[in-house]
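Colleague: Quick one: dock chain against chain with the hints and give me the complex.
Below are the chains, spelled out letter by letter.
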Amino acid sequence: MTQDDPAALIGTVTGLLADYAHCIDSDDLERWPEFFTEQAQYRITTAFNHDKGFPVGIIDCRNRNMMEDRVAALRKANIYEPQRYRHIISLVRITGQSDGLVEAEAGFIVVRTMIDGSQDFFLAGRYLDKIDLSGSRPLFAEKLVVLDSDKIDTLLAIPL
Amino acid sequence: MTEMADVWVDDGLTQVPYAVYDDAEIYARERARLFQGPTWNVLGLECEIPEPGDYKTTHLGDIPVVLVRGRDGVLKAFENRCAHRGALLCLERFGNAKTFTCVYHAWSYNHDGDLVGVAFQNGVKGEGGMPDTFRREDHGLTRVKIAVLAGLVFGSFDWQVPALEDYLGPDIVARIHRVLPRPVKVLGYYTQTMRNNWKLYAENVRDPYHASILHLFFTTFRVNRLSQKGGIIVSENGGHHVSYSKLEQSGGDQDYDAAKLRADSEFGLKEPGILGGRDEFNDGITLQILSVFPNLVLQQVRNNLVVRQIVPRGVDKADIVWTNYGFEDDDAELADLRLMQANFIGPAGYISMEDGAVGNFIQRALPGTAGETSVVLMGGEDAASQGSRATETSIRGFWKAYRKLMDI
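These protein sequence lines map, in sequence, to chains A and B. Using my numbering, the first residue of the first sequence is number 1, and each one after it goes up by one. Using my numbering, the first residue of the second sequence is number 1, and each one after it goes up by one.
Treat the hints with caution; some may be incorrect.
Said to hold, decoys possible - Covered stretches of chain A (chain B as the covering partner; in silico rule of three or more C-beta atoms under 8 angstroms from a C-beta of chain B):
no.	region
1	42-49
2	67-75
3	78-86
4	142-155
Said to hold, decoys possible - Far from chain A, by Cβ distances over 10 angstroms, these chain B residues were calculated:
no.	residue
5	Ile26
6	His84
7	Gly140
8	Asp283
9	Ser388
Claimed, not checked - Cut-off 25 angstroms, straight-line C-alpha distance, at most; resulting in silico cross-link-like pairs (DSS-like, lysine-lysine):
no.	chain 1	residue 1	chain 2	residue 2
10	B	Lys76	B	Lys185
11	A	Lys151	B	Lys185
12	A	Lys76	B	Lys270
13	B	Lys404	B	Lys145
14	B	Lys317	B	Lys404
15	B	Lys246	B	Lys229
16	A	Lys151	B	Lys317
17	B	Lys145	B	Lys98
18	B	Lys125	B	Lys98
19	B	Lys76	B	Lys145
20	B	Lys185	A	Lys52
21	B	Lys98	A	Lys52
Keep in mind that the hints were calculated from the coordinates and are not lab data. Ideal placement from N, C-alpha and C gives every residue a C-beta, glycine not left out.
Only chain B is shown next, with the shape it has when bound in the complex (with noise of 0.2 angstroms):
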């Protein structure tokens, strides 16, 4: 048993305890507190169901969702398990249904929720069925409110929760708009499994001082290096931040030239175009990573755009869904880029494939860390914005509005 008044040490943001990383009753109580409560949770993107009675499955923390587009073309969101005895509605990742019938006993239910059929409610011939006191009003699903920003839909099991842009600030808001500035398409999916709690993840993220260092590809090739021009931006609640950085030399042709003359490394690349890009959002920012609490991440890396998703799948387990998208009207040379570029990241990518494992280093690094702590005092001890990425602000940023919600 853990008292939860006793998980943290001290007041502040700069030691977490490695019990968050493993204990099933922190995990249970961030499924309460943090995925069933007042937060915004990533669910995917508008394109992905664009006519009424589209729909696809995914979760909002570990838990199985259905998102949906009703006939009014409203997106709506429910749990996909059956009020009746529990089991999976929905099993196909995406479809096309005017309502949703359970496989076991056929229960129905219409694009609300609402329970619309049960099987045999009034028996077979006069015998059996439903007591007269059943309402089927009574046995809906339980619902999930929508908003939807830029394209981006997000999720939340409480009806409370603040607006959208009020809860991600008009820092974040700006810089999602940023990279989902036109009509979206999707070019592909895949899932990462992390063997490491779903925190790690979302603090490798939050965490720049990392990416020179552990990312060899990058520093190598000169694509980011913390001298650069970039900063950090971390929300008001802590929870949300933005990591972004400009090449010294902006512009596509300059960056594949610096790639072609790079005297300094041993290693050169036989083809560098992959490092080349278009300044696509006229900013010469060549990276951004931004992040909502809690399972949202938004990358740019050069001209690759991803939306992941992360999925807790228990404490020594996560999923990061990986979904590739461009925009409708991009021209040929663009759609390219972004697939080309699609090299850098996911599982196999040049500067993403060591997050897959780092994570699992320290989880399996856990044992014998009963009442210990990592250091977290790069860059001070608050969770403010920095010019500097040699910071692990937007990190204690995570823990600011972890403690909060969990009320540890």
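Pulled out of the complex, with its shape left as it was, chain A reads as follows (with noise of 0.2 angstroms):
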């Protein structure tokens, strides 16, 4: 996969980024894993700890494994109530290139609704992304949720 043209990269890039959000939008849990590399980091943090450089996640998954254990542990043990999210992702910044990773930025905003109808905006925030481009396909070697607020409302289940 060329990283050579901006404007392929930032397609590419793009194009992960609506699939990704497309995974967990419809529910396609089970296959959010797969947009990572078996070694790859994915945190959920707020501004103020990656700021003041306070290392506790809201989620802080290792590998690949631990994000299948989310979603194992979302599917047969966690109570919750039924609810999806919509993620609008802004256009992508590419920040970074180095080790046959891109490293990108975008904002994002998700939208949640409860199986009884109501409807709220949820959270916003950036993701920080470290993406691996050598293979068939690109993965996510580092994902960094970054959330503007410090405030989750009632609980956070899905993955964002």
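Modeller: In structure tokens form, the structure reads like this:
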């Protein structure tokens, strides 16, 4: 996959993010870990913690197995009201390239719809991604989800 | 209008009237009698404001306060509200200040909350200004009494409140020291907004009965079962509690193996390292949930340690401020375990996310409950310490302390 053409690169990352959001928003969570490399990091944190260097995550997966465990727990163990997300992802910025990884940033908002029809703006934030383009399809080698706010309404079951 | 004498149906602790969760008068009475009354409320950790002039803004009940370290190194707190027109004085979450100056009319205060400056006090060009009778010393900020235990900072609006250690009692003091034995460092914050009355969360944390039923992750992985060794300590006044348990096999490696070899469940973890841990307090206790009436929850889940502060936000809403912490001398492995096991807790926690929703399930079902009560009979009718965790004794303890202070 070429990394030389800036427009093509943005197109590749945009396509990856579109597929990623579609996977979550269509409740196809079993496929969610497939967007990551085996040793990928996936962490949800807040802008405050990120800026101050506080390391704790709201979700902190250190590899794809932990993401699969998340999905298994959501399906089999955790109890929460049926709900779905609608991701709206902003235009993508390419912020760097190194060691075969592309660094990209995109803003997002998520609207959460509950089974009773109540629908609220849920969260805003940004994805700080490192994307591995060396394989047959692009994969996240790292996905840091930085929430703009510290506050989570009720619970955060489904990944962002 | 609620007649306070009629709220409770009997003199006991087993029938909790649903009215306490959605009545505005009761909420106002709680502010006056609990949060402005003779209680100690957690405000934070001493390590959050290490230097003179360092401050943080927080809440005591739903009342905004500033906690600041004075030039003398002593912690002080006062209401975060200018004495002039009542505007918030301090807007930043954390900072360092020599004085606090209101943005509205530049009234300024020192670290003790004394009014030290009034813009144009003597008017402009000899006109206007404050009357001669105006005394700055009459317009200081309402001060909060501070006490510190094991690095935890508590505040009280009532300067006649019993000494903190007397308020807590020796059992609770010992269990606080247990999880705060060394200098602390903060690992990060988040806030979970609960769509329910604050007391539903205060009850939830005092309810070991639900733990292995609602939180199926626990049960599935044998992380916590009611058959485990453990118990409930309820303080003399009822308001504070400790629920603790030990895994049958103590020691990190055995836990890890147990998780991998678990044969009686259809659900196995691909990455069972999260279930490991270190017996860092050398007592085999892997879970300790401690509450201090009315607003503190101090939590140990394996090696994940958290201060949770309950902030009421109206009759049907509350914020839980989660402060993850470790110790300054944590080695790299232990520091990482705390972060790894943060996956258990918080709004996305494997064993806690349900708590964010279950209070709301009660809140939403309140219509039609006028005059009715819930049933809190598990484990008897009193609020004594118990060896079994199949009990609601510490919930009854909460109501024992609540009723006394509320005179309800």
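Colleague: Hint compliance check: list the failing hint numbers for this structure, sorted ascending.
Modeller: Of the numbered hints given earlier, the structure breaks just one, which is hint 18.
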